[in-house]
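Work out the full structure: start from the sequences and follow the hints.
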Amino acid sequence: MVPDAGRQARRGGFAGRLVRSEYFVLLLCALYALAAYPFVPVLFSAEVAGNMIADMSPLLIVAVGQTFVLVIAGIDLSITAVIALSAVVGASIMTQAGGYLPGNGGVLPAILAMLGVGGAVGLLNGLSVTRLNMPPFLVTLATRMFFAGLAIWYTTFHTTSSSIADLPPLFTGLYDFVVLTLPIGESVLTLPLLPVLIAVIVVIGAHVTLSRTMLGRWIYAVGANRRTARVSGIPVESTIILAFTICGVCAALTGILMSSRLQTGSPILGENVLLDVIGAVVIGGTSLFGGKGKIVWTLSGVLFLVLLDTTLKLLGASLFLIFIIKGAVILAAATLDTLRNRIFVEH
Amino acid sequence: MSDNRLTLALLRLAPLLLFVVIVVAFGLLNERFLSFGNFRNIVIQAAPIAILAIGMTFVLLIAEIDLSVGAVMYVGASLVAIYLEPATGFGFTDPNLWWPLSLAVFVATGMIVGAVHGLVVTSLGIASFIATLASLFMLRGLAMFLSNTRTLQFSREIKDINRWEIFQIVPMADRAYGVPVAILILLIVFFSGWLVLRHTAFGRQIHAVGEDREAAKKAGLAVKGIVFACFVICGFCAGVGGFVAATQQGAVGPNFGLQVEFQVIAAAVLGGVSLFGGRGSVWGPVFGAILIRTTIAGLTFVNADPYIYPLVTAAIIFLAVAVDGLRTRMIERMSRRMIRPLEAG
Amino acid sequence: MSEARPLLSVSGLAKSFFGVRVLHGVDFDVFPGEALGLVGENGSGKSTCVNIIGGVLKPDAGEMSLNGAPYHPLSPKGAASAGIAFIHQELNLFGNLSIEENLFIERLPKHRMLPLIDRRAVRARAVQLLREVELDLPPTTPVARLSQGERQLIEIAKAISMNAKVVIFDEPTTSLTRHEVDRLFTIIARLKARGIGMIYISHALDDVMAVCERITVLRDGAVLGGGPRDEFSLARIISLMVGRAIDTIYPERMVPPRADPVLRVEGLAQPGVAKDITFDIKEGEVVGLGGLMGSGRSELARMIFGLDAFSRGRIIVGDKVLANPTPREAIDAGMAFLTEDRRGEGLLMDFSIAENTILAALGRFARAAGMLEWRKVVTESKTMAGRVHLSTDRVVETRAKHLSGGNQQKIVIGKWLMRMPKLFILDEPTRGIDVGAKQEVYRIINALVEAGSAVLLISSEIEELMGLSDRILTIYRGELTGSFARAAFDREILMGAVTRPPRAEAG
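Chains as they are written, first to last, in the numbering used here: chain A, 1 to 347; chain B, 348 to 692; chain C, 693 to 1199.
For the record, the hints were derived by calculation from the structure and aren't laboratory data. One or more hints might be untrue.
Just the calculated beta-carbon pair ranges, DEER-fashion [stated by the list, open to error]: (1) B/MET677 / C/ASP1182: 51 to 59 Å; (2) A/LEU321 / B/ASP652: 37 to 45 Å; (3) B/LEU375 / A/LEU197: 54 to 62 Å; (4) B/LYS571 / C/ALA761: 48 to 56 Å; (5) B/LYS564 / C/GLY1128: 50 to 58 Å.
Small disclaimer: the values here were computed from a predicted structure and weren't measured. Yeah, the Cβ is synthetic: ideal placement off N, Cα and C, and Gly gets one too.
Given below as structure tokens:
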């Protein structure tokens, strides 16, 4: 008989189990924080922790959306354009300086429109990939150019300045709607609860969807092997379209939170988020080739990136140093991932 | 059957037809658009992207990607602006030396970065998308460090290259046109790229590696060496393209080369280069870059709102990719119809 | 003739994988100008042998000599330069390059002065080589445009150009038309005349008998018999290969087919693929579909299952009419389809047994809002693993890619059994799996059929079709050419029916 299950690699004992673990990157985060502590003791203060959690929320939501697309073996470069376009469309509806529905009454329609923009762009991406047989990279490259351009153009019809301001207080207050203020020791934990709550809901919802539902199995199967999925009766095209739509809606959600925080609808909002998002997801260990990825991983990756950002800023590192280190970390994460696969998992 | 072949041929030529339509349409709207001088300008403006896209083609041909080309441009420009500045630089006093030196700096930067990518991809087995994404971060950081995020002015001697022309042989009504440096460099890169890809063993082996890497290994090709070389060539072209762009712009700010990688990939894809390897030529990227530039020039001629330029460009790219996707699907469908006529002859 | 010194001599070849011996001291000789037929069932060690000779694998023990000198290839490249050419089943050509470029890709001749390809030299050599393999095509033709048979000739031409002394053919005829097979044999004869030795591996024993001067039979990694062809009959080879008489492999079925049709295919047609195909399958019936590679048998199955489109006709499963089915509709109607390409279309290789097993029956495990009952998934996967005799019940921990071919196939079968299909289409269910697993697959099929399901069985092995089917349909170039009841099964007649056009057309 051919040796079967016995061949399944179980190498490395405790170290192996640790490195293979779901929580490996989370563990790295903890190690990193401990290592950084002597240099930036404030890292462990409630104030900094609160800021970090607040910073994480928008990035996390858009990264969760990207995870869906990466798992079905796609990629979505258009997320930044979605963030920007939804920001200006929403702002143009509710702005008190000549919006379509100025004032607090326009907030709900504006939010719906923003989510609608995200869903529509996602849907367009998904349809192009499935119906027109276009590679996801190129589809979303083109829609990214188009909708980023559209966001800027659209802005010129509504304002002479670079972004649409004068948003109603209900909207700008969303971000700080309920702020948890909790003195812990000498510092104060300040946490805007609404964005954190939304992020938590998105993360839990996505995690449950991917790991516990039928849709989750569809998504993994389509990403791992589209042909097998098709033969097994999985609606491949709908699954792909849905993943892109989810990604678009997540990006729009991020657009809502970011523009509420900045109190303006800017057409260049989130311009630099793309690399962070893909970087975070890759650091987490999600594969760019599909079929492999978890929300826990994405959460760890985003946490790591934000932790890195925060410590570097606290250390007074310049923007360029942060860039260099982020790049190095992405490269290191990718190297680590291939190495741990090579050493501990395969044969 | 012949209907299908006709449709396929039309789909294949779609980008070219699109180009003709654009030229004719803008020509009808404004006849000056069809002037020689205008086309000359279009090619000059398209040159940096075209040069970068030729390099990108080498990488795309082996089914890899390089997202760092824009960052390479920025690093090269920062190095040149700082170290070849008469005041702060290494004190090369002879201005005649400045442009060859700056070209050398650009090219060396690109080739070193390309070599690192080649090593990382071949020896560590990291996907080039991630490796070059990481170096995009690092190189932009490095360039910001070098330039301190200031806007850097190039010395006059470097900027002037942009106005040089050689072979003043095309006498036109107003003045004698020569071949501008940008076009000359583009021609040299294009011609060398064409020779390498079509007429050297290395070039044909690149196609083989891109078509089927496993088969190439089995056939005894030095796959790792070929992959490495393609990244170095891409870096080389990024350096040269960066040089041309820098001379054209005269000064570089922190946005220099930002997201150029996307334009470059778009140009290559417009010209029929496949992201999945094995398919593409050096004609494609040059055509793609010129098509994009022509569109923008046309829009300028008809005084279109500058904000719609990226929209139109994106729409063209989308269209070209969609047409290519449909064509691929049609070819797949047609290749299925082989069973019965197989033995008919 | 056989007094000549052997060209390639192999003795005592042994090899183990993961502690399991797959070759136990194999000996054979290849003589110049002769072909050695290497036959044996899947898993008998043929591929391991030739992979060692071709430099792909290293032997644990044993000696090889080539032309009298010791031969120890370190890599495929080393083997090639020593004069061994290996023509794999999956051809090693580049579709985007021309014929001439493919012939010389790793050693394209350079121009005298310039670092460019000497196109003229390439062309001249290519034209000459193409003439030797009787391929009348311009050497600039892209390989993507060639048929499978033509591509194989390019590989042979390449072997000639490398001055190969020994050419290894691995299943060269499986994807060829009869005409192409004849041409291949002519060229093999020509290679023999040049003194080239050959190792010829094939399941098509008729071909082996026609081409080879010598035959070596392998079973379980050992040589069971070898010698000149004249000492062998087809029956003897088969009994050596299998180790027992054929009919005992196929278990009896106790329950005869019933009268109600499960599947009716009416006038199915698609230009270039299928012409006016009509047949039915009854409850409890196994219908075999016999045809050569490329005869349209798999395509027919794919159309019935909704994977490929068809232009006319309809498919009726039970009382459901499918005019334009999708796989989803086909599955809902009660069909299951084990495809030919196990790794590419049957399994998610990186996923666990459980994840693979539930894939086609997810609805069964879903509660409100599509939430899966994971505990039920695990218990039912374990039950299924037992039912198909999987080698492990660690269904959550074990990934499909870590299992042997036979066990992988059982997962695919288990996946479909989860749905209790009314009609199970099996396309080459036993390809590439060992005898033990084969028999288990047969038993599973029989149990399913006895429970009232129907099976459409596609197989290249006529014996398998004859052993399992109640009825055999033959297909040739997308057209049904015959229907044979079990009483009328005859190897010769069936072979004839799959290799000949229907009578009306033959004229």
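Each hint, compared with the structure:
About 44 Å separates the C-beta atoms of B/MET677 and C/ASP1182, a value inconsistent with the hinted range of 51 to 59 Å. One distance hint, 37 to 45 Å for the beta-carbon pair A/LEU321 and B/ASP652, holds here, with the actual separation near 40 Å. A beta carbon spacing of about 58 Å between B/LEU375 and A/LEU197 agrees with the range 54 to 62 Å that was offered as a hint. One distance hint, 48 to 56 Å for the beta-carbon pair B/LYS571 and C/ALA761, is violated here, with the actual separation near 31 Å.
Roughly 34 Å separates the CB atoms of B/LYS564 and C/GLY1128, a value that falls outside the hinted 50 to 58 Å.
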